[in-house]
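One point on numbering: in the UniProt record's numbering, the residue at position 64 of the sequence shown is 64, and numbering is uninterrupted.
Be a bit skeptical, because a hint or two may be false.
[Unchecked claim] Simulated restraints, written as ranges between beta carbons of each label pair:
no.: 1; residue 1: Glu486; residue 2: Glu417; range: 50 to 60 Å
no.: 2; residue 1: Arg99; residue 2: Ala137; range: 14 to 24 Å
no.: 3; residue 1: Arg355; residue 2: Leu301; range: 18 to 28 Å
no.: 4; residue 1: Glu396; residue 2: Glu318; range: 17 to 27 Å
no.: 5; residue 1: Arg338; residue 2: His298; range: 15 to 25 Å
[Unchecked claim] Once the Cα atoms are required to be at most 30 Å apart in a straight line, the calculated BS3-like pairs of lysine-lysine come out as:
no.: 6; residue 1: Lys248; residue 2: Lys358
no.: 7; residue 1: Lys248; residue 2: Lys209
no.: 8; residue 1: Lys335; residue 2: Lys358
no.: 9; residue 1: Lys209; residue 2: Lys236
Since the hints were made in silico from the structure, they are not lab data.
This one's a predicted model, so the numbers in the text were calculated from it and none came from an experiment.
Where is the CB? At the ideal position from N, CA and C, for every residue including glycine.
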Amino acid sequence: MLAFRGRSGANAQLEALHRSQAVITFALDGTIEEANANFLDLMGYRLDEVRGRHHRMFVAPTEAAAPAYEAFWQTLRQGAFQAAEYRRITKDRREVWIRATYNPVLDARGRPVRIVKFALDVTAERLASAESAGQIAAIDRSQAVIQFDLDGTIRHANANFLGALGYELAEVQGRHHSLFVDPAEAASPEYRDFWQALARGEYRAGEFKRRARDGRDVWIQASYNPILDLAGRPFKVVKYASDVTAAKVVAADMAGQVEAARRSQAVIEFAMDGTVLDANANFLSAMGYTLAEVAGRHHSLFVTPDYARSAAYAAFWEGLREGRFNSAAYQRLGKGGREVWIQASYNPVLDASGRPVKVVKYAFDITQSMTLRSSALAMAEQTLGRVRGVAAASEEMHRTSSEIAGQMDRSNRAVGEIQERMEAAGRLSERLGAAAAAMNGVVEAITGIADQINLLALNATIEAARAGAAGRGFAVVATEVKGLAEQARAATSRITGEIGAMQAVSREVGEALSSTASVVDTVQGFITQTVAASTQQRATTGQVSADMQATAETVASFAEKLDSWSVGLEERRSNGRVRSLTPVRVTFAIERGGERSVAALLLNRSKTGAKLSIEDRPVPDRFTLHIDGEAPRACEVVRRSGGELGVRFV
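Working from the sequences, and respecting the hints, build out all of it.
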């Protein structure tokens, strides 16, 4: 009865095994005798496909040919039990893993007669285990891993951990985790609570500062993971860590730079739609606001309404939303409409995917510099006007000097001609004197002849008297001749007087000509000196004129460069200004009716406006601008500074 019950119980157990496990029976040489449905389903065969074939049909050819496989069957034939996890090949060449026992069945004399294998399919478990093992191996290769008992005693550490901290395994194994922290931290209640939480099975993660063997600080990004046993109780702690020291140093450096920038610069943050998120004290002080007055407001609070409505402003923010950096000098409006100039950079901040999430602006207040620049520009333009005036006067002086030099040159030539004519007159006067002197000799000869004739007439009269009546006729003739001689003497006396007078006049003329020639020589000397001085003055005024023109060009270039200084105003970037220095007129209506015209100088212009210089002439906020060769432009004054007007075309 007991034997029957025993056989019945064994059969029941065998049936239970057949229902739950894959069962196959082999002859001692490995030939398949029987296989249950579980085994056949697992391997993908029918019973007739496996019966009578050898077990090696389920293993890889290389394994079947290996000595270990033959030794495996030899051990079974000797009656030794075999149990393990085995890799087997299915009909469709899939790999399956089984946890199996190969059980020799003994006869009554204890000799093996067949082999029965009981197996469970553990392929999924094996794959999960392999995946876990692979993951653990990957973690071990890439991270620093260390294991602790629950009290913090070090059980093991991998090469990555030991390399990061500079230790050998023997130097840390069996020692406490406090080896890696500062003594002050190790003695703190927080450190004690940290390990008590881990011992309770509580996970901890974060950035931790640890101390290396050589005393340097090492920052790690780590997780402390309590490992639970099958009952759910912690029995050890595994720490997975990455060395983030370099990144921490860079982050600390960047944080220091940002903090330094925030201390020294005006900083404001915007959402991508331009809404103010935050602003530091420097920015608020520069603009005259409190944080409560700007937080949640749009950036357009700080610009003119016209610019806020412009396409250029929309494009400015569109570029920032696309992640484009923007840096320049900008004109902004502080509280109350006060003009503020800033040198700023708008910096889109990107998320991990490279998408802009906000905009941070760093700025310096350069209002004072821009005010000085405007003053310098006004002075440069005023100086330019004066230098141009002096240059024009120098040019006129040069022209006048050239005319004077020409006139003096002509005077010099005229005086030379006068001198030549005076010299000719002097020579003629000398010839006249010589002729008068020659005539005086002739007169003296005539007088001598007259005296002789008179003497002969006297002798003839005496002889006629001696002759008496016979000489009476001769006496008459002698008397006549004597009378003629007397007349000749009287005539020669008059001629002598006239010649004397003529000689006196000739001498006076010669003296006058000589005196005049001396004066002419003096005048010619003065004129020669004047011509030389005029020539020198003409050269000097020419050089002065050229120098003033060059100075005017230099001042104009300085003014242009000063005015062209990149101020970064968005409107100015999209509307470039062109310097002109062109005389223009502005006209406007007056109260009594009619129209007044005022001269002005066009300093520069753009598509939307212009800058004019008008000194000491008040003009209204609206007027008409007249530029030669162009249609009149209606203008509205948007800025007044001294004698300068900034206008917008309307």
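We went through each hint and held it up to the structure:
1. Between Glu486 and Glu417 the beta carbon distance is about 52 Å. The supplied range of 50 to 60 Å therefore holds.
2. Remark: the range hint 14 to 24 Å for Arg99 to Ala137 is upheld by a beta-carbon distance near 23 Å.
3. Between Arg355 and Leu301 the C-beta distance comes to about 26 Å, which sits within the given range of 18 to 28 Å.
4. Restraint check, Glu396 to Glu318: a C-beta distance of roughly 57 Å breaks the suggested window 17 to 27 Å.
5. Under the hint 15 to 25 Å, the C-beta atoms of Arg338 and His298, about 19 Å apart, fit the expected range.
6. Distance restraint check for Lys248 and Lys358: the Cα-Cα separation of roughly 23 Å lies within the 30 Å cut-off, and the hinted pair is therefore satisfied.
7. The straight-line distance between the Cα atoms of Lys248 and Lys209 is roughly 10 Å, inside the 30 Å bound, and the hint therefore holds.
8. A C-alpha spacing of about 24 Å is found between Lys335 and Lys358, which places the hinted pair at or below 30 Å, so the restraint holds.
9. The straight-line distance between the Cα atoms of Lys209 and Lys236 is roughly 22 Å, inside the 30 Å bound, and the hint therefore holds.
Of the numbered hints given earlier, the model fails hint 4 alone.
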